[in-house]
Amino acid sequence: MTKQQANWSPYDNNGGSCVAIAGADYCVVAADTRMSTGYSILTRDYSKICKLADKCVMASSGFQADVKALQKLLAARHLIYQQQHNKQMSCPAMGQLLSNTLYYKRFFPYYSFNVLGGLDSEGKGCVFTYDAVGSYERVGYSSQGSGSTLIMPFLDNQLKSPSPLLLPALDAVTPLSESEAVDLVKTVFASATERDIYTGDKLEIVVLNAEGIRREYIELRKD
Amino acid sequence: MFRNQYDTDVTTWSPAGRLFQVEYAMEAVKQGSAAIGLRSKTHVVLACVNKANSELSSHQKKIFKVDDHIGVAIAGLTADGRVLSRYMRSECINHSFTYESPLPVGRLVVQLADKAQVCTQRSWKRPFGVGLLVGGLDESGAHLYYNCPSGNYFEYQAFAIGSRSQAAKTYLERRFENFVDSSWDDLIKDALIATRETLQGEKLRSSICTVAVMGVGEPFHILDQETVQQLIDKFELVVEDEGPAAEPDAAAAEEGAEEGDAAEQGGDADQGAAPDQGVAPMEI
Chain A
9 MTKQQANWSP YDNNGGSCVA IAGADYCVVA ADTRMSTGYS ILTRDYSKIC
59 KLADKCVMAS SGFQADVKAL QKLLAARHLI YQQQHNKQMS CPAMGQLLSN
109 TLYYKRFFPY YSFNVLGGLD SEGKGCVFTY DAVGSYERVG YSSQGSGSTL
159 IMPFLDNQLK SPSPLLLPAL DAVTPLSESE AVDLVKTVFA SATERDIYTG
209 DKLEIVVLNA EGIRREYIEL RKD
Chain B
108 MFRNQYDTDV TTWSPAGRLF QVEYAMEAVK QGSAAIGLRS KTHVVLACVN
158 KANSELSSHQ KKIFKVDDHI GVAIAGLTAD GRVLSRYMRS ECINHSFTYE
208 SPLPVGRLVV QLADKAQVCT QRSWKRPFGV GLLVGGLDES GAHLYYNCPS
258 GNYFEYQAFA IGSRSQAAKT YLERRFENFV DSSWDDLIKD ALIATRETLQ
308 GEKLRSSICT VAVMGVGEPF HILDQETVQQ LIDKFELVVE DEGPAAEPDA
358 AAAEEGAEEG DAAEQGGDAD QGAAPDQGVA PMEI
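Protein chains in written order, with this note's numbering: chain A, 9 to 231; chain B, 108 to 391.
These are calculated hints, taken from the structure and not from any lab test.
Honestly, I wouldn't trust all of these hints.
Said to hold, decoys possible - Pairs of lysine to aspartate or glutamate residues, derived as EDC-like cross-links and limited to a Cα-Cα distance of at most 20 Å, are as follows:
(1) LYS113/A - ASP53/A
(2) LYS232/B - ASP331/B
(3) LYS158/B - GLU130/B
(4) LYS95/A - ASP62/A
(5) LYS210/A - GLU224/A
(6) LYS310/B - GLU325/B
(7) LYS80/A - GLU207/B
(8) LYS76/A - ASP331/B
(9) LYS11/A - ASP33/A
(10) LYS148/B - ASP331/B
(11) LYS80/A - GLU284/B
(12) LYS95/A - ASP331/B
(13) LYS76/A - ASP33/A
(14) LYS95/A - ASP175/B
(15) LYS310/B - GLU284/B
(16) LYS59/A - ASP331/B
(17) LYS59/A - GLU207/B
(18) LYS168/A - ASP191/A
(19) LYS210/A - ASP62/A
(20) LYS132/A - ASP33/A
(21) LYS296/B - GLU284/B
(22) LYS59/A - ASP74/A
(23) LYS148/B - GLU333/B
(24) LYS80/A - ASP175/B
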């Protein structure tokens with residue numbers, strides 16, 4: 009007598025990859041625009057990036073229906089915050105809110121792998137990376153989604169600061185300029201597109217800095 | 108109104124078929140400082156007088172943004188007004204979340220009215236002591252509603268509530284037929300003049316009034332003090348320019364007087380209402 013297995017799943021994986029890189033006074037958040045199911049493509053033109061507040065942008069990969077529900081919830085919560093506090097939510101505040109919202113559904117999770125990018129209250133770039141149930145950490149860079157296994161090691165190689173315990177002492181990584189970070193993102197997605205079937209079509213890049221928010225689209229391989 | 112044996116609680120009718128507690132609640136609205144609303148086909152303007160208790164304190168907030176397309180001005184117990192504004196904001200957010208579209212004003216005022224009615228039919232509650240001028244936009248254009256503590260609501264082209272609102276209403280009654288096609292500037296000018304009417308002679312300054320606008324393609328926002336002062340100066344300036352041409356007496360009065368009174372009379376002349384010219388130089 010074998011245990012009965014579910015013949016229907018409430019979840020689906022729509023694929024795709026997300027990346028965020030924090031700089032001294034900017035933050036880059038990027039995601040591809042391909043939405044898939046199984047081995048099929050649903051659309052080549054779907055945005056996984058959502059602006060939650062003036063200085064806070066979220067990119068999410070995974071089950072897009074859950075992602076959409078999560079984005080709506082956070083947008084409504086942000087409206088309430090603005091009405092109560094008379095100001096926009098800071099990125100760290102939104103980071104905590106996202107974590108709490110995800111854990112609220114600890115026993116029927118949002119199938120959503122998120123990276124939150126923005127500027128903190130001092131104007132420095134900040135990136136928060138999450139798992140599906142809200143465990144989060146502030147980091148200098150992160151990637152999530154189907155291509156993250158290909159992207160993350162490359163970002164580590166380029167951006168990770170060497171251990172201070174090493175001898176002879178190595179220089180800390182030189183800070184990346186905004187244009188260098190954007191180029192790095194383009195390179196990283198071009199590579200991921202080659203080997204990950206769920207990543208491709210177009211790349212959407214959002215850059216936040218003191219001047220505001222800027223959006224860029226780059227073509228990727230469509231196969 | 109005098110005290111009587113039927114006014115102790117809201118669930119007691121008087122022999123004449125009146126609910127005195129509800130009427131007393133409407134009195135509370137009349138005691139609050141004035142709030143004015145007017146609308147054109149595409150815009151709604153809300154204005155209110157902000158009187159602080161003392162020079163040391165800040166003034167009460169009486170105009171609230173409910174959503175991008177809805178705003179409310181209150182008169183009466185401002186604490187009750189705050190609670191109702193929070194309810195309105197919550198309703199708008201919930202509607203937007205479920206239907207991905209803005210809550211039509213007409214629906215919101217009905218919900219508000221029903222909420223107010225409940226408090227007139229429970230022995231353990233009291234009516235809200237606040238009148239709300241709800242301005243909003245929907246598919247059919249701009250709307251202005253007045254919600255009473257009694258649970259009634261009415262739609263208006265223009266209205267004023269609170270203390271000395273009758274002066275503003277008189278001015279609005281004279282001019283309301285023109286409002287439908289008014290421009291943004293003219294609508295606000297009329298709102299400011301109506302506000303000035305409630306001040307009974309005191310000079311209108313942007314520090315004692317608040318003006319908010321919403322319109323087609325223009326989300327609700329409260330005008331900042333500088334803009335309001337500029338608008339006040341603009342129409343008072345026009346008044347002084349036209350004064351000498353239209354009425355030499357009024358001009359002489361303006362040079363002499365420092366009050367808004369003379370400006371008011373000159374203002375009447377500016378409106379081009381012929382009967383007012385005869386009424387004008389009362390102070391001389």
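Query raised in the report: Failing hints, ascending?
Result: 1, 2, 3, 6, 8, 9, 10, 11, 13, 15, 16, 19 and 23
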